[in-house]
Every structure is written in structure tokens, then in C-alpha cells.
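Mind assembling these two chains? They're in different frames, but the hints should get you there.
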Amino acid sequence: MMKIMHHPKPESLMSCSAGSMPEAFAAIMASHIEICPACRKDLAWLEHVGGALLESLSPAHVSCPAPVMAMRAGEAGDDQYNVDITQPVGDVPSPLVQAVGRDLDSINWTPVRPGVWEHQIALKTRDRGHLRLTKVAPGQTFPEHRHRSSIIALVLRGSWRGASGHYQAGDVADFGEETEHPPIADPDYGCICLIATDERP
Amino acid sequence: MAELLQRVADSGDIEAFRTLFRDYAPRVKSYMLRQGADPTTAEELAQETLLTVWRKAHLYSGDKASATTWIFTIARNLRIDKFRRESMWVALPNSYDEEPSTEALPDEVLAEAERKARVRRALSTLPPNLYEVVALSYIEGLSHSQIAERLGLPIGTVKSRMRHAYYVIRETLKDLK
Chain A
1 MMKIMHHPKP ESLMSCSAGS MPEAFAAIMA SHIEICPACR KDLAWLEHVG
51 GALLESLSPA HVSCPAPVMA MRAGEAGDDQ YNVDITQPVG DVPSPLVQAV
101 GRDLDSINWT PVRPGVWEHQ IALKTRDRGH LRLTKVAPGQ TFPEHRHRSS
151 IIALVLRGSW RGASGHYQAG DVADFGEETE HPPIADPDYG CICLIATDER
201 P
Chain B
1001 MAELLQRVAD SGDIEAFRTL FRDYAPRVKS YMLRQGADPT TAEELAQETL
1051 LTVWRKAHLY SGDKASATTW IFTIARNLRI DKFRRESMWV ALPNSYDEEP
1101 STEALPDEVL AEAERKARVR RALSTLPPNL YEVVALSYIE GLSHSQIAER
1151 LGLPIGTVKS RMRHAYYVIR ETLKDLK
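Top line first, the protein sequences correspond to chains A and B.
Using my numbering, you'd call the opening residue of the first sequence number 1 and step up by one each time.
Using my numbering, you'd call the opening residue of the second sequence number 1001 and step up by one each time.
Pulled out of the complex, with its shape left as it was, chain B reads as follows (with noise of 0.2 Å):
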């Protein structure tokens, strides 16, 4: 995936634009799905974010993260500034497309596809408990209190196994930083 987006990047290839339209604009609409927009929504914000995509696309480069990391966080941050009206805090720095960066040393680009293949390692080996809680974070776009509202858990109960999550995870880093 991060190569078609590369070609995206440095010769506009709109053939490989298609391509990536084609896997990521369905796990995208269904991303927007469960945030709770409806579906005409859902699939306008899935077009936004992959032209996004396109517009933004020699801000890419491989050393950030994966293209699907990337992805998510130009959905994430329209989700936020369309769908919940909140663009005044939107400014996450760190968001890639914000900060194009200089040449990446190849050490950093593996540092970094280590440390993706890391976390997703690190996440599909959690504790169902402790999974759940995660994805209902980054999937259904819940906040500590509407998680344990969903769950009928204290809200202690919910933090404490997010914080658990964050550093089953990070325990897995520890070496790469």
C-alpha cells in the first residue's frame, strides 16, 4: 500500500490513486459508519478523506508510518472537523500531513515499519477486556464515560484498562525508541 501512495506522491499516478480508492474508501466508509454517520455521510467523508489523500500526497513519506496509518489519521481528523464540528481543536500536531519531512534515513524507515508491525502485533494478542475498550476508543469514537456507560463499567474501571492497553503495548517499543 505505502508504494501505490508513493507512486500517488511523486508522478500524481492516478491509476494507483484508484487502486488505493478501491481498498481503502469501503474500510474507510465503514470506519465513518461506526463513528455513527449515516450512511450518504459515511461515504461522502470516505471521498473526502481519499481526496485528501490525493491533494496531500507529496506530503507522504514512508518513513512516518504505513500509508494505513497515515490514512487514518486524515479520516480521524475530518470525522472530528465535519462530523462533531469540533475544527478549533483539531490541530494535532503530529498529524502527518502537517509536518512534511526531510529525507528519511533508511534506518528510520525501518525503525518505523518495526514499530507499526510492532503495535499491531502488541494489539492482536490483548486481552479481549482489554481490546474491547481500545476499539471502541478508536472505532466507535466512544469517551472514557460513554464507554462505561456502553459496558455498565466504572469509569476507573475503563481508564485503568485503557492505560493497561497502552503499556502492553509500549512494553513491546521499549527497545526501538
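Bound-form chain A, shown alone (with noise of 0.2 Å):
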């Protein structure tokens, strides 16, 4: 099992706990979760803010009784409210599953200069942010970026070193406007991330 080093902020897991992350953080937040008990044991406590707000709203009129009706539906099948996990497989998290498919290395890639691939990943919903696998040749620097807004990025193969460290499969890099010279890919392995954006890069 790897060891994961780099966590996302707290304000970044609390904003994950309420459910108000932008489309394409909240899919970085789930593939990290995944595989990392630490942040699992922390989303745990924070639910207990959610539970404490919701505890706090002054109720609002509801016209509708207990559906008793559908209760005793629902009864009967059961199994469409079942949940189809999908199990990790390789390199790819579950969550992603759907999106970029099982396999990294049958992923369409888009050359944006010599060494760096990207693959565009479609959202949802509109003004979520932007997301994106991004491909980096062993020993090369990833595209520039500022950090305008805010990037995080999860690392899925290989690894990257930058100024705040060396980053390897599982580890999230969480910044917001603080700028850093763009990190250098794996010099043997190369790295693969995604990376989600407010603004389109």
C-alpha cells in the first residue's frame, strides 16, 4: 500500500464535507478519499458540523405526510437504491472510472508541447472549474501555470518534485494563489496527475 505524504487543505475537506465543492475539485476530493484513511477519519468528524447546522435551521412548512406508500413500494425492490461500487483496478480511482475509463495507458491523448499530454474531462455542470489529465515525460517540467485561482492536483503514476516536495501516486497538491515554479516529472517513471482549475488553463 503507498504511503500518502500530501494531503488536501482543510478548507478544502471541509468544503467537501458540506458538499460545495466545484465539479471538478469534488472529483479530485473522491479519487484521494478513496485511498486515503487519514482523510476518511477527518471527513468523518466534519459530517458532524453538517449534522449540527442542519439541527440548527429553523424548520420549514412541509404540506406532505410520511409517504407511507412509497415506504412499503420501496419494500419490495430494493436493490435499484444499491449503490454499484466499482472496484479499483490499476491506476485509475473508481470515481474516474466512468469518465476516463480502466486504463491509463488507452487514454486519447492531446500533445500540448513536447513531453506533456493532456485529455480534456468533460463536466456536468457549467462554471465548475475545469478538469484534466495532464501526461508528463520522465525528467520534463509540467506546462506553466499561475495560480490565479486555485489548482489542486492528485497524482496517479510516477511522481513530480516541486519546491513544497516530492509528490507520488495517491499524494494531492493543494494550492491556492501562492505561485511555484513548475514541478519536474519523475526522471524514470514520468508522471501522470489530475488536475482540476477554476479557470480554464
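One or more of the hints may lead you astray.
Stated by the list, open to error - Distance condition first, Cα-Cα at most 27 Å in a straight line; then the derived DSS-like pairs of lysine-lysine:
no. : chain 1 : residue 1 : chain 2 : residue 2
1   : A       : K9        : A       : K41
2   : B       : K1174     : A       : K9
3   : A       : K41       : B       : K1116
4   : A       : K41       : A       : K3
5   : B       : K1082     : A       : K124
6   : B       : K1174     : B       : K1116
Note that these hints are calculated values from the structure, not bench results.
Here you go:
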């Protein structure tokens, strides 16, 4: 089992627990949380924040009674409510499988410049950020990005090294407006990352 | 509340469920309204949340959290799923409903109850400027940049306030870990 060294920032975990992250960022969090027991543990107590705030809301008038008929109807066929949990296979986190398939080697990559490829992932909602896979050849630098707003990246394969450390599979880099020189992909294996940004790069 | 939910879980007690519905549906509706749903959708989503509680009650075990926390996670996931149509990313693990737990040890039940009580207390004593960003995130469903816009603050300030709130609450749980 890989050892995760870099986690999302507290404000990202909180937003994730609240269910209020832009879609692109939520995708990264879901993929990281799947493999990170420490962040799952954080989310468990953070959900009490939601519970307490829910309780503090003043009740709204509900006109319908308890849906007893629907309750009984639901008992007959409960299966439709079972969540189909896809088992992670290889290095694609299960929340991503639906969007990119199971195999990073069969992604349809678009060359950006020598040694760098990208694959845009379509999101279901507009104005909820941008999500893409980026592949960088061994020893090459990632494309220059200005952190005007926010960027969160999850390493799926290989690793990269930058001013803030060495990031391996499962690690999350969660940056705000602070800038950092473009990181360098692993000299032997290169790097594939899932990257979410507020704005189109 | 946890007791009512336990009765629903153990014996499909419809009367207990009616009481749960009466107590929770109005709050869940209120939550959906604050998240931006129109009144009809908010009521439908409140109904659906409580229906999910009924259907998944057998997965509830008092050890995981209070009933309210569990209901919050169900409402939150339904809201993301239906309202924002992002079901692809709903799979937030540790959603209580997907992890039927083994029999909880009494110690764990107590620890969880204590954790919940402390989170609540810490929340109620947060300075207003920290509480505000937490509430906007959880109740109104606003992202960091939307909160920044709403409050007319730089996004960095919103993030640092939220981070501060996180540390304040976590500090009170320190000896429980």
C-alpha cells in the first residue's frame, strides 16, 4: 500500500464534507479519499458539523405527510438503491472510471508541447471548474500555470518534484494563489496527474 | 432521535418513522431551500431524504454518529446528485450508508457521541467571522470563490478563515483520537 504524504488542505476537506466544492475539485477529492484513511477520518468528524448546522435550521413547512405508500412500495425492490461500487483496478480511481475508463494507457492524449500531453474531462455542470489529465514525460517540466485562483492535483502514476516536496501516486497538491515554479516529472517514470482548476488554463 | 432511528432500523416501526419525518423533513426542506432549490423541489428532496433514511435504516448503527449527522450526509448526497447532477462524484466514501458497520463496541459509541457533542460545542463558540464561512459552505452550498464573492472578501481570506475554523474544532477532539 502506498504511503500518502500530501493531503488536501483543511479548507478543501471542509468544503468537501459540506458538498460545496466545484465539480472539478470534488472529482479529485473523491479519488483521493477513496485511498486515504486519514482524510476519511477527518471527513467523519467534519460531517458532525453538517449535522449540527442542519439541526440549527428553522424548520420549513412541509405539506405532505410521511410517504408511507412509497415506503411500502420501496420494500419490494430495494436493489435499485444499491450503489454500484466499482472496484479500483490499476491506477484509475473508481470515481474516475466512468469518465476515462480503467486504463491510463489507452487514454486519447492530446499533445500540448514536446513531452506533455493532456486529456480534458467533460464535466456535467458548467462553471464548476476544469478537469483534465496531464501526462509528462520523464524529467520534463509541467506546463507553466499561474495560480490565479485554485489548483488541486492528484498524482495517479509516477511522481513529480517541486519546491513543496516530492509527490507520488495518491498524493494531493492543493495550492491557492501562491505561485510555484513548474514541477519536474519523475526522471525515470514521468508522471500522470489529475488536475482541477477554477479557470481554463 | 437516534433511538427512534434504531426502532425504524430494528423493526421497521412506522410510528417511529412518522415521528422522525415530522421532526426532520421540515429541517431538510429548509436545508434544500437554502441550497437554492425552489419550494416544490425542496419538499420533494426532503421526502426523498427521509425515504432513503427508511430504506437504509438497517445500515444505521448508533456508533457511527448521531441520527442528525447521518441524515445530513444523506441529504447532502441527494442534493449533489439531483440538484447539481454530479452523481459521478457523489461517491464520498465514509458515507455512513455505504458502510454497514460491524457491531459497535460500547466505547466507540461513547467516543462518537462525545465527538459529536464537542464538534457542536466548538461550532457554537466559533467567532462570528469563522462561523459565517462554515455556515455558507454547509448550509448554502457555496464554494470558496462563491463565499468570497458573497462577502466581498479575497478568496485567500475565505480559505484561511475556514482553515482556522477547522483547526479550532479539531483541537477540541485531540484527546479522542
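| message | Check the structure against each numbered hint from earlier and tell me which ones fail, lowest number first. | response | No numbers; nothing is violated.
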